[in-house]
Each structure stands twice: as structure tokens, then as C-alpha cells.
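A.B. asks: Now for the letters of each chain:
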Amino acid sequence: MALRNIIGKRIGNGIGLVGRRSLSTATCDVENRNSKSMNLYSAINQALHLALETDPRAFVFGEDVSFGGVFRCTTGLADRFGKARVFNTPLCEQGIVGFGIGLAAMGNRAIAEIQFADYIYPAFDQIVNEAAKFRYRSGNQFNCGGLTIRAPYGAVGHGGHYHSQSPEAFFCHVPGIKVVIPRSPRQAKGLLLSCIRDPNPVVFFEPKWLYRLAVEEVPEHDYMLPLSEAEVIRQGSDITLVGWGAQLTIMEQACIEAEKDGISCELIDLKTLMPWDKETVEASVRKTGRVLISHEAPVTGGFGAEISASIVERCFLRLEAPVARVCGLDTPFPLVFEPFYMPSKNKVLDAIKATVDY
Amino acid sequence: MAFCSKSSRNIINNLKSKLGLSRLMNRGSDGCLNKTNPDRFLPLITLPQLRNPDSYSHKTSHSFSSQRFQSTTSEPQFASVPNGEHNQELDFPGGKVVFSPEMRFLSESPCVYNNCYRVLDDNGQLISNSIFVQVSEKIAVKMYSSMATLQILDTIFFEAQRQGRISFYLTTIGEEAINIASAAALTSDDIVFPQYREPGVLLWRGFTLQEFANQCFGNKADYGKGRQMPIHYGSNKHNYFTVSSTIATQIPHAVGAAYSLKMDKKDACAVTYFGDGGTSEGDFHAALNFAAVTESPVIFICRNNGWAISTPTSDQFRSEGIAVRGQAYGVRSIRVDGNDALAMYSAVHAAREMAINEHRPVLIEAITYRVGHHSTSDDSTKYRPADEIEWWRMARDPVTRFRKWIETNGWWGSEAESQLRSSIRNQLLQAIQIAERAEKPPVNDLFTDVYDNIPSNLRDQEKLLRETINRHPEDYPADVPF
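Just so you know, the sequences run in chain order A and B.
Following our numbering, the numbering of the first sequence begins with 1 at its first residue and continues without gaps.
Following our numbering, the numbering of the second sequence begins with 1 at its first residue and continues without gaps.
Misleading hints may appear alongside valid ones.
What the hints assert, rightly or not - Facing chain A, from chain B, some residues (calculated, C-beta under 7 angstroms):
#: 1; residue: Asp-121
#: 2; residue: Lys-220
#: 3; residue: Ala-221
#: 4; residue: Lys-225
#: 5; residue: Asn-236
What the hints assert, rightly or not - Pair ranges (Cβ atoms, derived):
#: 6; chain 1: B; residue 1: Arg-393; chain 2: A; residue 2: Thr-331; range: 55 to 63 angstroms
#: 7; chain 1: A; residue 1: Ala-283; chain 2: B; residue 2: Leu-465; range: 20 to 28 angstroms
#: 8; chain 1: A; residue 1: Leu-91; chain 2: B; residue 2: Ser-423; range: 20 to 28 angstroms
To be clear, the hints were calculated from the coordinates, so they are not data collected in a lab.
A quick note: this is a predicted structure, and the numbers were derived from the prediction, not measured.
For glycine and all other residues, C-beta sits at the position ideal for the given N, C-alpha and C.
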């Protein structure tokens, strides 16, 4: 399916600096500076360059990051900042994250790359039992807030079981870490810088489908976008759609088509899944009375379930229709059957209409 | 990069080279590592190592050093290969190889037992010609006092748990020498990542009896704010990371921390402890490998006490102990008598120098015995003979052994002994009373520190919880204020 170029949109709400560890002097207004057209991996690359430039105690490490990474996100970093700060690790995710926790615990910014989100599971114990609980269990004597784990996630058209997964739901169930997913190059740069500088361990999932295909004007300066603030990227009055990452592009197309049938859709990018911005979503649902959540991850136990339960709890009387979820099937991510598995634009559109006509 | 620093030379001067470590390992023709030459150790730890430019043809990314040090053990491997037709070396990206027409498997075991370093005999007398780092009277007495204090701590807290006053406890009985002697050989700047059977390290560093008691009772003075079970101590001012029950997860943390110390050029290393069971976890292997590749100054101390709860080492691994594994990862290692405080002290002292000055990890396997049960939730007589336990407790007690040594030196006597023991006992009983009577942390501490700030969902949950507490106060413990 053809992806639209993602055009920079005015960001309505204020963008504040996040986290006490911020060293950036970025201003709130993203619009007023020089920007350059670039894709997602370039935007992420810029963020990493800035992160290392502004903090001499920032490190980037993971499998194959030295030559630039399998998705080129770490291009040029080793040459510019040296092998002591940008280095390959052995092929061992539990080691990558465990090492990163130790590095972060000493006050450094440890930016760890997991080559594909599909391979994050060996590190799950370190993330859940160690990183997430590091501050709490020590009575705030210690913390590993400087840890950021980046991983490409999501469908790529031909990835199959092990190059397409969306494991965000597992991490959203773990108090103590944050989970952030950008939808576009400009979002990615600002959000990643916020994640790196946030004083809590963060898992940052990058939609790999968009690495090359999403192109957008991205400001060249150092700027940060706030965590735990959802963004209404399209205003509407008939139904609220909630999503994140690459799926938003699909949902946006569905919204545009629904508009032709006279349905006014409000589209929200959650951006941070943990802790998530309930207030923005609820405010929208109070306006529209209908909500549809869409994600690539399998529907059962996916993060859409949490959003749905929470909205029903808090907006029950306002709801005009059941909460709709248009998600991946409850199967391992298939290869040949990918087009059938995916929550496509038409699946979303059908669900929009069904919800509005309920 | 100093490979033989001034302080290393001091060690060389202090130590005598009588351990017979001057010859290097050759592989014998039957594949058994030790056949022709029983020695497979480095020539006495800190002999100068040859500086060789990196002779690997592939691009290796050196994270710090621009030259790879080759230990002198590597050379003879090539020299000793029996003559085949093609006795040349070849560079593969994965490493240099020497071909041989003989099919030889490397043996699964080193054929002779790994030398275990000890300096004091079972009666606490110095073994002649032993090599060790001298300990002053002041330090030796502090070491002994700390070991005895640890024994008392364990006895009394164990009893407190049996009396229902604390919910859980685990003792360090039998491993006091590992705890105290290793701590004594470190500096307070060295960062410690414990498993859970190393409170002696914290004790050495100045954690008070009251602080121990506060954590065990989970009162409001507990630095951990009452969140974890007893014995999960942690203290940032003592550079002792908070204990977590998960096994071996701390080991890779220590590597990351060590890397940080190296980057900051600190005169300090990271030290991490774990048991024989912990060496089976993936995190152990991950950490050793990372430490070697990143050339991080970390000391891995394995308390091989023979038991992982009820699992004896024969069910845990089939390698010849733990120290042998070091070489597989490119990590220098040593096996030490863990019940010999002087040997432990010396080995850790030497390891620390190596780690910091040579930017390398070191693995120390301390052989010992877990005299106590795994914890208060365990009755080890169910899986091992009671007389075995008693024998280790009485005949192989590391504390008694060290006491004999300091008594021999005229540094200790029976009066000092009884004075110390009764004084510590009284102090501890008092500390326990105070800890027990103290208030618990407030309910508010349930919600703080999940993140740096409290997020809105937790604020909502706290609000709801308070409403519930007001409605049903009888459901909640009276000693937790809200």
C-alpha cells in the first residue's frame, strides 16, 4: 500500500522540556528554525548525534551499531564520538540491557539498541525485574533512569514471525518503565531526545516500515517533545480513533475516506503508551461518544484492551457504541498472509462506519 | 596503558615466586590440557606482558585500548604443535588457527584439579613459602571483629525470624571470610553488586547494626522504604547496590558500572558476587563475555559453597568448578580457598590491581561451604547429612581459623574475644528493639519512586486506596501510617 509522505503538522499544544536531566536548550516552538527533509532513520540518527554531542556521558551500543547499524540509525556516530562511546556488543540481548543498566546506574545515558523488537525477550528479565524496579526497590538510592532501549518494531511487508513483531503490550504491563512510539521522523527525533534525557528507563519502539518511507521536514536543531502527552493530529466530532506508530498512517487514510461519507474523525497519536495520557483521550471521547483503537499487535491482550477498559470505566455513559478494536490477528505474524493479518485501512474504515452506525 | 604498574611491581616484590608458575601451558598430544605440563597459569599474575600490535587481520573494535595485550600463554600453543606437513598459521576473521592432521579433541576436563590458592592451613597457621599480601594488625583485627560480628548478626537475626519478629532471613555462616576479607581488600570507592549472601561487605564498609535491623524490620528508617524482604540491603553512601532476589542479574550490571569507572578514569573497580548456582544463569555468561570484550575493570567473585538451595554442584554444572570457565571467555581467573581470609584478601587485592591497571575483568572462585540453611524457609537437613554440616561448622570454620592466625601474631586473645562478642550482642539486641518499635514507612511510599515523579494514574490509585482504607481500616496493618 502506498504510504503518504508525512507532512509536518502544526502541533497545537505546548511542547515543554521534559525531565530534570535535560541539557538541551531547545525552545518550545518547533516551527521557527531551519528544517530539512529527511526520513525516519535519519531523524533518529540526528537525535543520537545530538544526544552524544550534548552529554559526554552518553553512550550508544548494541549489535552492529558501529558501522551504522542494520537500519543505518547509528551512522557516523562511531567516527565522530569514538569507539569508547559507540561500540558493538556481543550478540546477547540480556547482556546489552544488563550492561546498559549498570552504565546508567552510574549516572550515564546508556542508549542500547536491540536489533529487532522480536529479539528483545532475552532482555525481558533485565527490563522487568531490574530496570523497572531499580529505583523503587532501592528506596530511590539508586536508579537507572539514564537507560533508553531502542528497537525497530512492526510490520515491514515481508518480515514474517521474527522481523515484524509489535511487543509493546508486554512492556506496558510493567510499572517503572516508559514505552514510547513515534509516528514520524519529526516526532521520532523529539521524542527520542526526550526519552534519552528522561530520568526513567524507557523502551522506544521505532516503526521500521517508516525508516526509509516516511519523509518529513525535521528541524535541525535540538528539540524535545513531551512524554505522556497524546496529540490530536486530526480534529473531528463523530468518532475518536487512537493509535501509535506506523498504524496512524493507515488510520489517517481511513479517516480521509470516512470524511467523504460525512463521518468526522478525530485521530489521536498516543505517543507514550506507558504512562499514557488518559485525559486527552477521554476529553475526545466525551466529545465524540465513540472510540476505535487500532494496532498491529494481536488483538487479545494488546494495549488496545487497556485503553478500551479504561475508557469504558470512565466514559461509560457517554459512549454511543462499543469500543472498537481493529488489530492484528491472534496468530504469529505470518509471511504470505501478512495482508490478511494486518489491520488495513478498509478494516479500519468498516469499523468506523459500524461504530458510527451502531 | 600500564600493564605493569608501580603498584604491581610492589606486589611482585612482596610476593615470592614459589608457586611454580613460571612455565606455561602446552597442549599435550592427547588433547588433555595438562598432560605434559601441569602448569597452565600465567607466570605469577603481573609479570610484564608483551605488547603486541593487534595481529588479527579482521577489524576488531577496541573499545578503549588501541592495542590488544597478548598474554604470554598464547604463544606456546603455536610452538608446540607437533610437526605436520603444514605447520603454518592462518588468519581467519574468527581467529588465528594452526592446522594439524591429527584429530584431537580438547578434553572436557583439565585432567588435574585446578590449583586452589591458600595461605593459612586448617589451623590458621601460615603455610611455608606462601605468597600473600601483608595485612596490618589493625586491619587484621578489624577483619576478625567483623567476621565475628557477622556471626552474631546471623545468629540473632535468624532467631528473630524464628520468633516471628521478622518475616525472613538468610545467613552467611561459613562464608564470613569471603565477605570480610574481600571487602577489606577493596576500597570504599569500589562499587559492589551483591547477590544476597554478602552483608559482610556492607558491614565492613560501615553499615551499622541499626541500619541492618531497620531494613529487616522494614521500618521508616529503612533506606529501602520497606519495599523489599529482609536482607535486601542497599546503601548508596557505601557504594553497595541494593540486593535483589533474582539470581545473577547483578553480574552484567557490574560490567556496565566497571565500564563507566574506566571511562571516568577512576581508581576504582566494580565487584560482583554470586554463588555456584548463579553461574548457570545466562546473565553470568553474558557478563563475562561483555567484560572481556569491553575490557572493563570488574572482579567477579563466585562463592562456590557447594549448594544452590538443595542442588549440589554436581547437579549444577559439569565443568571443573568456576574458575576454569574464565579462560573460555578470555577472563583471567583464580581458584581460592574461600575459608582462608588471608588468601581471599590477597587474591582480591591482586585482582583489583589487575582490573584497574590493566582494564581487565578477573574471576575469583572462592571455594567454601554453606553451613547454614539456604534461608529461614529451608531445612537443609532434608537434603544433606546433619553431620556434614556440623563438620564444616566446627572443623572448617573460617572465623576460628583466622582467629588462630591473629592470636599467633599476638594480636588477639580470649579476653578481647569475650568482650567483643558480648558487646556486639548487646548492641544488636538493642538495635533490634529500636527497629521493632519504630514506625513503618507511610502508605505514601507505596506510590513514590516507581518513576522519578508520581504519574497521574498512580495519583488516582492512591486517592482510591485512601478512600478504601477509610472505609475498611480493619483490613490494614495498624503500624503503617497513612
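A.B. asks: Would you mind marking each hint as holding or not holding in the structure?
C.D. replies: How the hints compare with the structure:
1. The interface hint given for Asp-121/B is violated, since its Cβ lies 39 angstroms from the closest Cβ of chain A, which is over the 7 angstroms cut-off.
2. Violation of the interface hint for Lys-220/B is found here, the shortest Cβ-Cβ separation to chain A being roughly 11 angstroms, above the 7 angstroms cut-off.
3. Here the hint on Ala-221/B is broken, as its CB sits about 11 angstroms from the closest CB of chain A, past 7 angstroms.
4. Given the 7 angstroms rule on beta carbons, the hint for Lys-225/B holds: about 4 angstroms separates it from the nearest Cβ of chain A.
5. Hint status for Asn-236/B relative to chain A: holds, with the closest Cβ pair at about 4 angstroms, below 7 angstroms.
6. Between Arg-393/B and Thr-331/A the Cβ separation comes to about 58 angstroms, which falls inside the hinted range of 55 to 63 angstroms.
7. Here the CB-CB span from Ala-283/A to Leu-465/B is close to 25 angstroms, well matched to the stated 20 to 28 angstroms.
8. Here the CB-CB span from Leu-91/A to Ser-423/B is close to 55 angstroms, at odds with the stated 20 to 28 angstroms.
In this structure, the hints that do not hold are numbers 1, 2, 3, 8, in rising order.
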